[in-house]
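Protein chains in written order, with our numbering: chain A, 564 to 759; chain B, 560 to 882.
Wrong hints could be hidden among the right ones.
[Stated by the list, open to error] Computed footprint of chain A on chain B; a stretch qualifies when at least three of its residues, placed anywhere within it, have a C-beta under 8 Å from a C-beta of chain A:
| no. | stretch |
| --- | --- |
| 1 | 566-573 |
| 2 | 598-606 |
| 3 | 620-632 |
[Claimed, not checked] With a straight-line cut-off of 30 Å between C-alpha atoms, the simulated DSS-like cross-links for lysine-lysine are:
| no. | chain 1 | residue 1 | chain 2 | residue 2 |
| --- | --- | --- | --- | --- |
| 4 | B | K752 | B | K852 |
| 5 | B | K852 | B | K747 |
| 6 | A | K749 | A | K739 |
| 7 | B | K633 | A | K622 |
| 8 | B | K633 | A | K589 |
| 9 | A | K622 | A | K589 |
Please keep in mind that the hints were generated in silico from the structure rather than gathered at the bench.
No residue lacks a Cβ here, since even glycine has one placed at the ideal position from N, Cα and C.
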Amino acid sequence: MTTDDPQLIEATLRGDSAAYSTLVRKYQDRLLTALVHVGGSREEAEDVAQEAFVQAYLKLATFAGGSSFYTWLYRIAFNAAISRRRKRRGEASLDQSREASGSEPADDSESADERLLRRERAVQVRQALSQLAEEFRSVLVLREVEGCDYDTIAEILDLPVGTVRSRLHRARLQLKEQLLEVLAEKTRTAPGGTKD
Amino acid sequence: MTREFSDELLSAYLDDQLTAAERAEVEAHLAADPAARQMLDELRALSGEVRSLPAHRAGSDFANRVVAAALAAKGQQPQVAAAPRRAWLAATVAALAATAAAIAIVVWQPFAGETNIAQPLSPIDQALASIAEQLPGQDEAIIVRVRVPAGMNPSQAVDLALASAGIQQRSPADTASGAIEVGAAYRKHLGEKFAAQPGVPNPALTAGTAPVVDAVFIEATWEHVAAALTELMATTATLPEVSPLATIAAARPTRAGQTGGEAEGTEPLPGSAAAASAEFAQRLPAIMYRVEKSAAADRPAAPATAIDAQRRVRVLVLIETLP
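Model the full structure from these sequences, guided by the hints.
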């Protein structure tokens with residue numbers, strides 16, 4: 564079966580559900596990863612990803628092909644995620660950062676201890692990321708995790724490109740500050756307290 | 560007079576999102592200003608940190624679920640389309656058990672032709688499926704072996720896995736959790752198998768079993784247990800090796816006269832409504848436990864039936880170091 568998006572979309576619109584299943588498999592991990600980092604828990608990210616794929620299926624006939632299928636899908640998912648988060652604003656996100664430590668395949672060249680250290684660092688970055696305001700987190704995830712260029716970010720977030728540029732820079736500065744705070748907190752709470 | 564340099568140009572420079580004129584301006588500024596060069600280095604490092612965050616993988620049944628929900632939504636069946644995660648998680652767990660059975664079918668009928676039943680399962684999913692087939696009953700507990708690479712201390716990985724799954728750890732000194740009784744029942748089971756007598760050296764037991772480096776009792780829903788084991792395997796194992804060893808009888812602890820309210824302290828009493836809803840783990844002294852070197856589960860695999868992800872199970876996880 565082809566993995567070309569336009570052909571898969573065409574086949575789906577003809578009623579071939581296996582073609583849509585191929586599209587889902589093609590993008591499910593990428594979308595799930597982005598949604599976890601945007602701020603939902605893994606559980607919520609899976610819910611949102613499922614909702615987005617279902618919505619995309621229902622609206623597929625309206626997809627004009629002006630952007631890539633994934634950009635269109637991501638926009639649906641992003642709006643669903645934001646909508647959910649606004650409904651339950653204020654929930655603590657520490658658990659999310661712990662929970663969302665990921666399940667990447669093991670690297671054989673890395674020792675178990677190195678892997679633990681890397682995962683611990685990932686938890687810290689996630690924790691710092693989760694402390695950012697939603698508008699900063701979204702733009703960072705789109706750029707760093709999704710690898711979107713500024714035009715695509717602007718399209719997904721419905722913002723002027725200039726705003727994307729300034730917001731991304733401010734997001735990075737804030738992330739740096741948050742990461743320092745997370746590290747300082749870790750040092751304070753580590754057994755033996757601070758070290759010189 | 561030159562206009563003031565905007566730091567945000569550094570981010571855009573890093574992202575290669577500048578016009579040629581802006582790029583020239585940034586490069587001139589970088590050549591003249593060490594602080595700007597340092598900031599660019601910091602932004603680059605930060606960007607690398609976020610980019611290296613681990614990826615997440617959807618479950619092997621995700622696409623099937625999505626397509627089923629999409630088809631149902633189009634067929635005006637919103638109750639299926641809007642099914643919350645917990646509902647389809649139950650279906651997933653059931654599917655996992657069913658897929659394990661399907662694997663067996665494929666093994667025995669390798670040339671039976673095309674089948675849509677058995678999708679390739681990851682080693683982690685296979686391990687979970689083998690445990691899911693033998694989940695214990697109300698007054699039983701399942702013993703699970705986890706083999707980790709030599710040379711590592713798995714305690715930190717276990718702590719991370721439990722925290723990640725939302726399972727709280729109780730004090731090892733907690734005698735009311737039922738963990739100690741399950742551990743004792745397993746040791747008795749092992750002793751009977753090797754005809755060992757308490758306090759008497761038994762060469763067969765020593766030769767036929769291996770020590771463990773960590774022992775953790777978990778009482779939680781199958782959903783939580785599966786999440787913890789998945790995280791543990793992902794963290795520790797180059798080759799995940801998790802398998803059920805045995806299902807043993809061990810009655811759940813109860814408290815006489817407990818008809819309402821909680822006793823002193825903040826811990827819910829075992830058997831209380833609060834305890835029934837709390838996911839917890841408790842470390843047991845590893846030195847008291849051994850695992851058979853070549854054990855198969857003592858109970859034949861049950862027929863694959865629907866498994867409720869919210870089903871509460873008790874699991875004794877024994878962690879062994881690979882030779």
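Status of each hint after checking the structure:
Counting residues of the stretch 566-573 of chain B whose C-beta lies closer than 8 Å to any C-beta of chain A gives 5; at least three are required, and the coverage claim holds. Requiring three or more residues with a Cβ within less than 8 Å of a Cβ of chain A, the coverage given for the stretch 598-606 of chain B holds, as 4 such residues are present. With 10 residues having a Cβ less than 8 Å from any Cβ of chain A, the stretch 620-632 of chain B passes the three-residue criterion, so the hint holds. Taking the CA atoms of K752(B) and K852(B), the gap is about 13 Å. The hint holds against a cut of 30 Å.
With a C-alpha separation of about 17 Å, the suggested pair K852(B) and K747(B) falls inside the 30 Å cut-off, and the hint holds. Between the alpha carbons of K749(A) and K739(A) the distance comes to roughly 15 Å, so the proposed pair stays at or under 30 Å and holds. Distance restraint check for K633(B) and K622(A): the Cα-Cα separation of roughly 10 Å lies within the 30 Å cut-off, and the hinted pair is therefore satisfied. At roughly 22 Å between alpha-carbon atoms, K633(B) and K589(A) fall within 30 Å of each other, so this suggested pair holds.
Simply put, K622(A) and K589(A) have alpha-carbon atoms about 19 Å apart, close enough for the 30 Å limit, and the pair holds.
Consistency note: the structure conflicts with none of the earlier hints.
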